[in-house]
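Assemble the complex: chain A is given as a structure, and chains B and C must be docked to it using the hints.
Chains as they are written, first to last, in my numbering: chain A, 105 to 412; chain B, 48 to 284; chain C, 48 to 336.
I should point out that these hints are in silico values taken from the structure, not numbers from a laboratory.
Restricting the straight-line Cα-Cα distance to at most 20 Å, the calculated cross-link-like pairs of lysine to aspartate or glutamate (DMTMM-like) are:
no.: 1; chain 1: C; residue 1: Lys144; chain 2: A; residue 2: Glu285
no.: 2; chain 1: C; residue 1: Lys144; chain 2: A; residue 2: Glu288
no.: 3; chain 1: A; residue 1: Lys366; chain 2: A; residue 2: Glu133
no.: 4; chain 1: A; residue 1: Lys366; chain 2: A; residue 2: Asp131
no.: 5; chain 1: C; residue 1: Lys144; chain 2: A; residue 2: Asp286
no.: 6; chain 1: C; residue 1: Lys144; chain 2: A; residue 2: Glu287
So you can see what is in the structure, the chains are spelled out below.
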Amino acid sequence: MTRPRGLALGVVVVAALAAVPRVARTDAELNFLFLVLLSTTLAQSWNIVAGYAGQVNLGHAAFFGLGALTTRTLWIGGTPVLLAMGAGALVATAFALLIGVVAFRLRGAYFAIGTLALGEILRITVGNVLAEISTLPAATIASYRLADRYYLALALAVATLAVVGALGRSRAGLGMQAIREDEEAAEASGVNALGLKLLALALSTALAGLAGGLFAYYHISYYPSHPFGPHWTFDALLITYVGGVGTLHGPVLGAIFYVLLKEYLAVRWVDFHLLIFGALFIGIVLLLPGGLVEAAARLRALAGRRAP
Amino acid sequence: MLEVEGLEASYGSFRVLSGVTLEVRPGEIVALLGPNGAGKTTLIRCIAGLLRPRAGAMRWEGRPLGQAEAHTVVERGVAVVPEGRRLFGSMSVEENLALGAFAPRARRGEASRLEGVYAIFPVLRERRRQLVRALSGGQQQMVAIGRALMADPRLLVLDEPSLGLAPRLVESIFGLLREINRGGVSILLVEQNVHAALALAHRGYILEAGRVAAEGQGSVLLNDAHVRRAYLGPLAR
Amino acid sequence: MTAFVQQMVLGLLIGGLYGLAAAGLSLVFGVLKVLNVAHGQLIMLGGYGAFWLGALAGFDPFAALTLVIPGALAFGAVLYWTLFAWVVRASEETRVKNSLLIGFGLALALDALAVRLWTADERSITTSYAGAVVSVGGIAIPLVRLASLVLAGALIGGVHLLLARTRWGRAIRATAEDWEAALLTGIDVRRAYLLAFAIGTALAGAAGTLVSVGYSVSPSIGLEWTLKALVVVVLAGLGSMPGTFVGGLVLGLAEAAAAWGFGGPYREMVGLVLFFVVLVARPQGLFAR
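Just chain A, same shape as in the assembly:
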């Protein structure tokens, strides 16, 4: 797709999505779309550091969790929600930079398992310190409007896509992709690998923190350790890989597909979508490393050859 056409299509889609709260008859549609938008944001944020810079971060939930924790605490305490979310993103990013300097000494799979351990450390700590369930005050529940959450989710998803789109075409984005392909060669040709990896991590975790804040704003009651759970990381990873890792459209396609399958299958079989997604994911890693985006490109190429 050419850039102006893609942009035009994007504007149409966003306008249509913005109109949904006016026409939706039940909350179910809004909830569904909210989940798609939240998943898109989370997956896209993971995609920055893992897909573009090639650093498979298995502790991503920690930043989603930090954003949720900070936002929830400040917001319930009376801070305006946007400000609280900003603070959440700030905390997540600060923490990320702090550990990033250490964690980026690890390469490849060791970075992955190291961050996995970090995420678990944080989840267990939060679970130990804040064992009580967090529920919104009665007054907040009484004035709860789903549409507010939905619009925020839409805005955040659009902003995330814009950031990643701009990153993909920037010098920094190219440098990150060079690191993904071959870190030593990239450094040899003058790329500041550590700096760019930290930049990718900062962007990625700021967006993850905002997504966590959105979750805290959306969800009425949950355990504080829940947003730190590893399944958030795994969701992001699955969505990104199934859609197409290291691409702009991939996480969007993946999120739609994932939430659709999850919501549809969950009606009848709890967790069954994970069986299908696990198998699908293995197939994609082995046979179609480009995910749905690559599949679509191949189909288009095939169709193009048939009908010139």
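Quick look at chains B and C alone, frame taken from chain A:
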């Protein structure tokens, strides 16, 4: 017994061999010479089955070799002493030698062949319980050759056995190679040490930029212009 | 003081299972250079295997080992052929990364499968002798767990001998050290991979069986056990089975000490913190020799 014909090989898009033809006859010692990057090690990797050639043919005792899996090449009687020896450093001398006889054919007569290797390299018998990485470079080279002999090969392929060894040691290793050859094993020897290699070999090939630039008897090659250009630099012309 | 010793004894007992859990992961990682993050799920399946044999056919859990181990060997072979044989063709760096992703997908699928087959409830096998305890100077030692520790040690010792003394054991070690050199000595490296993966899976199956007797299994224990095994591998390094067993015991003791010192919830933390510190302190040296 080994015939290589028009062999082409590449790493990715980088072509290393562009049509190499050579031959090792029964009972021969053949030296393969050439500057760094000429493709000597690549040729050996092809023979050993570690690298699939892109074109050309290799025949071993009349049967094609190129498509065979690496571990079956040993079974058919070709043993390789790789560049840098590639021993199993965390294992004892005797375990390394036993691994040399892993191929099913080589298991028959393993014990007597071990005695034979110890007869050629008596120091290995003394050190047989020691870990290989604790040995000196020369002793390690003996283990590497011994490991290859344990496979009961009819062709022994050596990639730079003199690398990193003192001249006296090289001399004695080359002497042992001659003895091994007299025992009926053909040898294909890749070397940088031109004089020693050509003194030992019956015939030699010069590889330059992925092609055979010259071939012939050792003494003839030694005076060949190609050899002098390759090893002594353009000024020697 | 007695309470402390009691804690440490219990820590030592579960440490044996940590060692057994890590042994399989270590073998697979060391030989195939493949990091199977679904290792914990294989342990879980072993536990459910023993549970099924008990519930459906009345097998004693320890007797069930004689079926679980060969079953796990076969399952490991199938997993290798269908999934990991594809991965080992890649260069070593992509290999580790892809194996991580494949293992992750596998873990997810097996978790979901376990929920379908056995529900999300915790299960554990109860036997007539389940409550038996020997008391030594006021310290209670549950017999089942003691037997598990001994069995874990015996199994690891058995694999150690297999690797040290047999022809294929030597071939597996050679492959771990330098697979190209192994090929040059005539070893069918892919068969060595297959054997190592199958043995690793069998060790996981045995560990799962012992977990289901002395402790409990549920579909969600996979990740937890993968992490435990990873921690032990990081602590003990690759290449030595007895070393891995000792590493497991050390983790068990460290957990017990942390639980005693800071309270139960911190049991899980100590291993992860150790893990991260060791990993960062020796990022390259860890798995290199």
